[in-house]
Amino acid sequence: DQQVKQNSPSLSVQEGRISILNCDYTNSMFDYFLWYKKYPAEGPTFLISISSIKDKNEDGRFTVFLNKSAKHLSLHIVPSQPGDSAVYFCAASDYNYGQNFVFGPGTRLSVLP
Amino acid sequence: NAGVTQTPKFQVLKTGQSMTLQCAQDMNHEYMSWYRQDPGMGLRLIHYSVGAGITDQGEVPNGYNVSRSTTEDFPLRLLSAAPSQTSVYFCASSQDETQETQYFGPGTRLLVL
Numbered sequence: 001d002q003q004v005k006q007n008s009p010s011l012s013v014q015e016g017r018i019s020i021l022n023c024d025y026t027n028s029m030f031d032y033f034l035w036y037k038k039y040p041a042e043g044p045t046f047l048i049s050i051s052s053i054k055d056k057n058e059d060g061r062f063t064v065f066l067n068k069s070a071k072h073l074s075l076h077i078v079p080s081q082p083g084d085s086a087v088y089f090c091a092a093s094d095y096n097y098g099q100n101f102v103f104g105p106g107t108r109l110s111v112l113p
Numbered sequence: 001n002a003g004v005t006q007t008p009k010f011q012v013l014k015t016g017q018s019m020t021l022q023c024a025q026d027m028n029h030e031y032m033s034w035y036r037q038d039p040g041m042g043l044r045l046i047h048y049s050v051g052a053g054i055t056d057q058g059e060v061p062n063g064y065n066v067s068r069s070t071t072e073d074f075p076l077r078l079l080s081a082a083p084s085q086t087s088v089y090f091c092a093s094s095q096d097e098t099q100e101t102q103y104f105g106p107g108t109r110l111l112v113l
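Protein chains in written order, with the numbering used here: chain R, 1 to 113; chain X, 1 to 113.
Keep in mind the hints are simulated off the structure, nothing from the lab. Beta carbons: idealized from backbone N, C-alpha and C, even for Gly. Watch out, some of these pointers could steer you wrong.
[What the hints assert, rightly or not] Just a sample of chain R residues kept apart from chain X, beta carbon distances all over 12 angstroms, derived:
no., residue
1, Ser28
2, Leu34
3, Lys38
4, Glu42
5, Gly43
6, Asp55
7, Gly60
8, Val87
9, Pro105
10, Ser110
[Said to hold, decoys possible] Residues on chain R that point at chain X, a partial pick, calculated with CB under 10 angstroms:
no., residue
11, Gln6
12, Ala41
13, Phe62
14, Ala70
15, Asn100
[To be verified] Just so you have them, the derived chain R footprint on chain X, three or more residues with Cβ under 8 angstroms:
no., stretch
16, 36–48
17, 76–82
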């Protein structure tokens, strides 16, 4: 049973609009979350993180929201750009588990010009 | 800096063959990891190392061996390849356990016939 779920395998949005990527987790011990972006034929690259002591973290066009009671986080990209087209992975970790993150299956975002 | 390099980029093996996937980093990172990515699934941790001479198992270690004789190199050995090991393998390194600074290599695509 997957502990980290990204239920939308793909998402298409128009350039300039908001992209919202969702992630749900089942393990209540998870307290640190990351988003990675991956282009084809490349390794994932770190995008943004959030710890459980916060409910929002912002970095430029990217904002991650965490709802601990719902075990849900989301990544907002505003405004979306064609260069944002990639696969986005959500990952979660229990601090006591060290660096062993559990990854979701990813959501492929396509930003249409 | 080359970052994290992986060789080969692509490999075809027959069932029962052995091989070593190479991974090297030039950032003097202590933490290194190996992941596999299968269709519809997130990255799963195979083995990791917190420093030279220290390795530990991740989520899916069976069929794989690792060693860490130097800070720079972290090879992954398949002892007797099986079709279930067909996957894309990513090596990663990070300078601390929070993994915000984790860097991934470009991946090795392995096909076991």
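Beyond 12 angstroms from each Cβ of chain X, as asserted for Pro105 (chain R): 5 angstroms, violated
Chain X contact restraint on Gln6 (chain R) - CB to CB distance below 10 angstroms: With a closest approach of 8 angstroms, the Gln6 (chain R) hint holds.
Reported absence of Asp55 (chain R) from the contact zone with chain X (all CB gaps over 12 angstroms): 18 angstroms, holds
Assertion that chain R covers the stretch 76–82 of chain X - criterion: three or more residues, beta-carbon distance below 8 angstroms: violated (count 0)
Distal placement of Gly43 (chain R) relative to chain X, Cβ over 12 angstroms: About 3 angstroms separates Gly43 (chain R) from the closest Cβ of chain X, which leaves it inside 12 angstroms; violated.
Verdict on Ser28 (chain R) as a residue remote from chain X, using beta-carbon distances over 12 angstroms: Non-interface label on Ser28 (chain R) holds, nearest chain X Cβ at 19 angstroms vs cutoff 12 angstroms.
Status of the hint placing Phe62 (chain R) at chain X (closest C-beta pair under 10 angstroms): 14 angstroms, violated
Non-interface claim for Val87 (chain R) versus chain X (Cβ beyond 12 angstroms): 10 angstroms, violated
Interface hint for Ala70 (chain R), Cβ within 10 angstroms of any Cβ on chain X: Constraint on Ala70 (chain R) not satisfied, violated at 20 angstroms.
Non-interface claim for Ser110 (chain R) versus chain X (Cβ beyond 12 angstroms): 18 angstroms, holds
No chain X beta carbon within 12 angstroms of Leu34 (chain R)'s: 7 angstroms, violated
Claimed clearance of chain X by Lys38 (chain R), with the beta carbon kept past 12 angstroms: 8 angstroms, violated
In terms of the numbered hints stated before, the structure departs from hints 2, 3, 4, 5, 8, 9, 13, 14, 17, listed from lowest to highest.
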